[in-house]
Each structure stands twice: as C-alpha cells, then as structure tokens.
Amino acid sequence: MSTLKAQTLSLAAIFTALVAVATAVFQVYIPETKGYFNIGEVMIYTTALLFGPVVGCIAGGVGSALADMITGFYIYAPATLVIKGVEGYVVGYLFRKFSKPRSRAWNFLVVILLLSIFTILWFVLYSGTFTFALAWGIHRVFTISIYSTAIYLAILIMFIAVAVLLHKSGELANILISTLAGGALMVLGYYLYEQIVLGLAALAEVPFNIGQVVVGTVGAVPLYTTLRKALKGYRGVISD
Numbered sequence: 019m020s021t022l023k024a025q026t027l028s029l030a031a032i033f034t035a036l037v038a039v040a041t042a043v044f045q046v047y048i049p050e051t052k053g054y055f056n057i058g059e060v061m062i063y064t065t066a067l068l069f070g071p072v073v074g075c076i077a078g079g080v081g082s083a084l085a086d087m088i089t090g091f092y093i094y095a096p097a098t099l100v101i102k103g104v105e106g107y108v109v110g111y112l113f114r115k116f117s118k119p120r121s122r123a124w125n126f127l128v129v130i131l132l133l134s135i136f137t138i139l140w141f142v143l144y145s146g147t148f149t150f151a152l153a154w155g156i157h158r159v160f161t162i163s164i165y166s167t168a169i170y171l172a173i174l175i176m177f178i179a180v181a182v183l184l185h186k187s188g189e190l191a192n193i194l195i196s197t198l199a200g201g202a203l204m205v206l207g208y209y210l211y212e213q214i215v216l217g218l219a220a221l222a223e224v225p226f227n228i229g230q231v232v233v234g235t236v237g238a239v240p241l242y243t244t245l246r247k248a249l250k251g252y253r254g255v256i257s258d
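Residue numbers (our numbering): 19 to 258.
Treat the hints with care, as some may be off.
[What the hints assert, rightly or not] Calculated cross-link-like contacts (lysine-lysine; reagent style DSS-like; alpha-carbon spacing at most 27 Å):
| # | residue 1 | residue 2 |
| --- | --- | --- |
| 1 | K247 | K23 |
| 2 | K115 | K247 |
| 3 | K23 | K115 |
Think of the hints as simulated: they come from the structure by calculation, not from any bench.
Could you put together the complete structure from these sequences and hints?
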C-alpha cells in the first residue's frame, strides 16, 4: 500500500508539472474575458485517462493554477484550481467507470449523438438573423458569421479525427464521453466564474474553451495510447 501511495504521489507531482508546462507554453489571449486559450487539456486528459480521478484532479487543478500564476493570470488561479481539478477528476472517474470495451456500433452512435448536440448548441449560440424591409413587409434571414463557421469546421474536423484514430478501439465511446463530460463542466465553470464573479463578457470565451476540449481530446488520444504501453508496470495506478 505504501508503495502504491508513493507511486501515486510521484506521478501526481510529475504530471502536475507537465500540465503546468502544457498550459503555459502556448497561450492565446482573449481580451473580452482577460483569459486565454491553451492546450493544457491535452495533459489533463492524458493524466486522468492513465491514472484515474485522484491524480487527474491534483495534476489538473494544481498544474493549471500554477500556470495561471506563472503567466500572470492571477484572477483565474483560484477558479482554475477548482474547475480544472473537477475536470480531471470527472474524466478519470468516468473513464474507469465505463472501462468495458464497447461495440463499434455503440461507438458510432456516440459519435453521431455528440456531433449532433454540438452542432445544435453551436448554431443556437453563434448564429443570428439579418432583418431587412421591403415594400411587401419585413423579412428575417438566418445568418452565421464566417469566423464562427471557420471555428465550427475546425472543431468538427478535429473531433472526427479522434473517431478515425480510435475506430478500431472499443475505447472510443469511453474516452469521448469521459473527456467531453469533464470538458463540459470546465466550459460551464469558467462561464459562470467570468459572468457572475468577474462580470465579463463570458460568452466570448465559450468557443475557445470548447476548442480546448476538442484539442485536448485529440491530443490525449495518441499520448494515452503510447504511455499506457510504456507504463504497464504501474499496476493499480494506471487504468488497465
């Protein structure tokens, strides 16, 4: 038991540092919310998938909060500690909870369902109507910006890439459900913090945070697959 605890603590420390580096190394500043887009989810998801909820929670929360403080985003550090910690915990917990291999039909159904939900939500949030008047009355035309469409297509392509990478694996549905559930809580958490606590234009950051979830899932897949083979010796810690 003591050996297992030592392994867990060691892995938590190592991957906390990796999450901090991944979060701090690439950042895109978002003026409306004074926040930033980053690729930290790649390491948070990889850690949670490999080592479960406890290590995922510690590495996700502490590593991301450290990155906030190191790069000067102090106003986000307290919220990040909680939000990213919960995200890591949920991803690790759900992945171990649904650890049984799934059929390809089930994997395909999950992909289609998630893509449908994502598409509906995106167009509801980031579309509008153009109103114009003619002699025979007022007319409204559904519109969506080129910018929003470009982001949607980029996210869609990356999401499909995950499905292609895992099309032969029974873990596809498990990974997607786990990372997207944790990611949804992250998006909601930052939206509430920015809107209620900071009083900022929180909706402006939602597409960027959704992008972080997709990038995190796409990046975590090859890392998880590779490291799982390399860390077979950590039985009881790594997800089997």
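Outcome of the hint check:
1. K247 / K23: Between K247 and K23 the Cα gap is close to 21 Å, so the pair holds against 27 Å.
2. K115 / K247: 21 Å, holds
3. K23 / K115: 21 Å, holds
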